[in-house]
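Participant: Whenever a hint applies, use it, and build me the whole structure from the sequences.
Residue numbers (numbering that gives the first Met the number 0), protein chains in the order written: chain W, 0 to 325; chain Z, 0 to 326; chain B, 0 to 431.
Zero decoy hints are in this set.
In silico PhoX-like links for lysine-lysine, alpha-carbon gap of 25 Å or less: (1) K310(B) <-> K322(B); (2) K221(W) <-> K137(W); (3) K211(B) <-> K198(Z); (4) K278(W) <-> K296(W); (5) K325(Z) <-> K315(Z); (6) K180(Z) <-> K43(B); (7) K279(W) <-> K289(W); (8) K315(Z) <-> K225(Z); (9) K137(W) <-> K45(Z); (10) K246(B) <-> K322(B); (11) K45(Z) <-> K43(B); (12) K167(W) <-> K45(Z); (13) K239(W) <-> K187(W); (14) K411(B) <-> K289(B); (15) K289(W) <-> K265(W).
Reference excerpt, derived from the structure (chain Z facing chain B, CB under 10 Å, subset only): (16) S4; (17) L6; (18) D20; (19) V36; (20) E41; (21) P111; (22) H172; (23) K173; (24) A175; (25) S178; (26) D203; (27) T253; (28) K255; (29) A286; (30) E322.
Hints were generated in silico from the structure; no laboratory data involved. This structure is a prediction, so every number in the text was calculated from the model and none was measured. Here a beta-carbon is modelled for each residue, glycine too, at the ideal position from N, C-alpha and C.
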Amino acid sequence: MSDNGLTPELMLDMYYHMALARAVDDRMWILNRQGRAPVVYTSNGHEAAQVGSAFALNRGEDWICPYYRDLALVLAYGMTPREVMLHLLGRADDPNSGGRQMPAHWGHAKLHILTGGSVVATQDVHAAGLALASKVLKDGRVSVAYFGEGSTSQGEFHEALNFAAVHKLPVIFFNENNGYAISVPARKQMVVQDVAARAQGYGMPGVIVDGNDPIKVYEVVKEAADRARRGEGPTLVEAKTYRFVPHSSDDDDRAYRSREEVAEAKKRDPLTLFEAYLKKAEILTDDKLKAMQQQIKDVVNDATEYAEKAALPDPATLTDHVYGSM
Amino acid sequence: MAVLSYLEAIRETLRQELRRDSRIIIYGEDVGVRGGVFRVTEGLQKEFGEDRIIDSPLAEAAIVGTAIGAAINGLRPVPEIQFADFIFPAMNQIVQEAARIRYRSNGTFAVPIVIRAPYGGGVHGALYHSQSVEAFFAHVPGLKVVVPATPYDAKGLLAAAIQDEDPVLYFEHKAAYRSLKGEVPEERYLIPIGQADRKREGTDVSVITYGLMVSYALKAADELEKEGISVEVVDLRTVRPLDLSAIIETARKTGKVLIVHEDNLTGGIGGEVSALIAEHALFDLDAPIMRLAGPDVPAMPYSAPLEHAFMVTPEKIRDKARELAKF
Amino acid sequence: MATEVVTMPQLGESVTEGTINEWLKQVGDTVEKYESLLEVATDKVNAEVPAPIGGKIARILVDPGATVPIGTPICEIEVEGEPANDDAASDVPAAGASEDSPPAKASEVAPTVPSSSAAGSLERGRFSPAVRRLAQERGIDPTQITGTGAGGRVTRNDILQAATPATAPAPVSEPTAKPVPSTSEAARVAMDAVPAVIEDGDRVESLSSVRKVIAERMVRSKQTVPHAWLMVEVDVSGLVALRERMKDEFKSREGISLTYLPFMMRAVVEGLRAVPVMNAQWNGDSVVLKKRINIGMAAATDRGLIVPVVKDADQKNVVGLAKATQDLVQRARSGRLSMEDLSGGTFTVDNTGAVGTVLTYPVINAPEVGIVTMESIVKRPVVVGDMIAVRSMVNVCLSFDHRVVDGADAGKFLRVVKKNLESIGPETSLYA
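Facilitator: Written out as structure tokens, the structure reads:
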């Protein structure tokens, strides 16, 4: 074990959040297939990249700017399963949007999770802007933009990297590269092999990390955050990973990738890998695992029931919050 | 009281606001060392430093997008888009992000930014340095759109925009920068966003307009007065939100309304104002609501006769108002 | 030989004037076309200006150091033969000055805005909505009126003229002239009302300046301040008994009547001390918590409502407050209040009970954030313990600016006021 500051307790907590995310994700798909949730966007397969990076940040203080894939990230950042389910079911008390946004459009002001829209890469410039304020206000915060590799074709991705590099902003651009933008493979988004290679063109470090290994991701992001806090500017991190299920509940991935490819990728399921690692290190025992699985089951059941009973928004609130003042 | 040009009024307001609130930063293309291509921000970097007056990379989406982030993390950014014509690369950030963030987050996030941009033609700016773009943004709930007509208003509206909790687009007519001069108090004052201003009282015809066209309409009104036609000029000052009560009041008063803008006719502010009058003051109308606006061509051409033919002028306003008065 | 006039060129977008730094050619010099002729400074650029045409400098019209608008003639050049039109310096159109040039063939070039005003072909018998409405309201047959509009159209003014009996003496204010009274800028926002229907015999009174200010403030407050409202019932039996016991003695000793108002003010001061956010002013993006407690008291005068202010009300006892309010009321009624008396308020108390009401929804005196009323004191049966008793009850109503104060704080404020008033007994000292 390297000297990275990760205690056994922290690693167990990491594993808990990865497993929790997988369980919440599974439950959301069930609710969708039962006709109780209109649409689901998955984080299945991305858990290590998301949780590992979250643990490397000053959670609740540093800003994260997630995209729709980041369920595990927001859970690790402090959003509760109940809040996730309120969001999925469009309930009035959904802290992300009060039932206004589609599922997986995260945003939680108190937790410093920036609200996001659906047009990809818009959050990249927001992260640079949050960091610009941190630089001016010297608040010591780091901002992290999360995005898929498909969105790196957008202009705002490039504008954000350039802006952040020119002004040496305390920001991390965290790419979760799962090889597909819905159905379009990465080779049709870019000619270069790695997203991280883009960094060179903007004069910042570009780091590739195994996105299925939460500890490696943690270390890379920690270092990038330290750099940022020292005033040395942005870092582009590329976490190589895989999405094990379709893009969303409306997608069918059999149309664009073989079952063999998916099965092969699942051999490196971050949950299985990390579980084995923790057992080998004697941090996780069968008893602990069993207890944790029961806890997760209870939490997910509670969240589902809580959200299903929660009130829907009052139609009279349709026109609220268009302006702060008129 | 000091007499300032429209441009000086904006610059001095920025200076006053920067001194008042250290959270305010200004950035955009050429706003720092050069003081902006129109010199609006001249001298500000010297006084407030490179941390607050920032020469940004030449990328409008990044300028607005980073302003959104910076606002959410505690600053009060006042980004400049060098010409209103260049705002379109930032359209997604303005319309889909800045305008929707409060709503989509159920009121838990706000985007207090002021996007300044010079607009308007008549200065040989051709297609991409002459546009009036306010109607695009006036369509968007969540945005406020301010178009000052005088140095006095420029100051009060800019201070109000900077103090506002919502994203405000602040359009400055580039032909007004140096041609319009007026008294501007030194102390800070706010002109409420969404409040129109009757710039001239009249009884026969109401001209409702905003921006540079206000001074053109006042010139037309002066001429028509000699002919015995009394023209009321109402300056909207804000094109979103519109001041419904001021619009209806003047429509009821004269029963004859001419709406003037430099922006293209179709889908312009005039259509909306006209609809409001039709909805709220039909039985006070004594003539059809008339509009005088830029023609429906893609944008203002370069060559002088073409440009002149495009521009709404005091003469065109005078003639149209006379036609309406005689109706 | 011909003389060509050189004008101040436009150097840069938005530039409207230029300053001549230096003439590089003098009268009598020969200048070639494109050769530098003078140096001009504007607030955007400094530049040498080349001659628009070759020839001999005949006259210099503007001296160095002078600033002139774009398009102003600055020198004359004598040219051999006829000048070529396309090189003429005066061909440079000037922004901002263009309105003085004729709109050359604009009517042919400009796409015509569809005109709905083809009034020439307008038939008689078709009337505008305004004409129809006015004619109906005034019982006039518009077909019997000779129109003065385009094509003989009957205009709104025609109807208004016809509605004024030619033989009758002119009314106080001529409705034909001003269907909507014109107003000062200050009062403009208050004038958004549907215009009044003015009929024969009606009297139109123009607004007094006090009325205008009231109108403007009321409209502004109601339009900009999100009012919220609370009320509490207060048992003031003890206070009533105290006043009964003391009023004659007080009158003879202090020379003024003892009313309930100073007690109310005293209670309000305690409320404001307990809940400082009620003693505040809204400031757009901030709230100003006022240090001084200056209580405005709404007072009716024959010229309208005014709100004189008791300064530093927290430093006065009931007697002091009684004297201060009495003084302000007397001077208000005799029109001797100064601006100082009317400004600086941080909160307002309205003794609405004086007009006999039991429930009021007062309008906040912005930028203050609260106003409280004291309604009529009435004897009512109330449950005390398990008994029904006759008690002197008063309602206290509070409007507050919900941007600044939430219901919890507003409620706390009212509880303190209530507690303070209810703690007064027949023996309470007025001088405490």
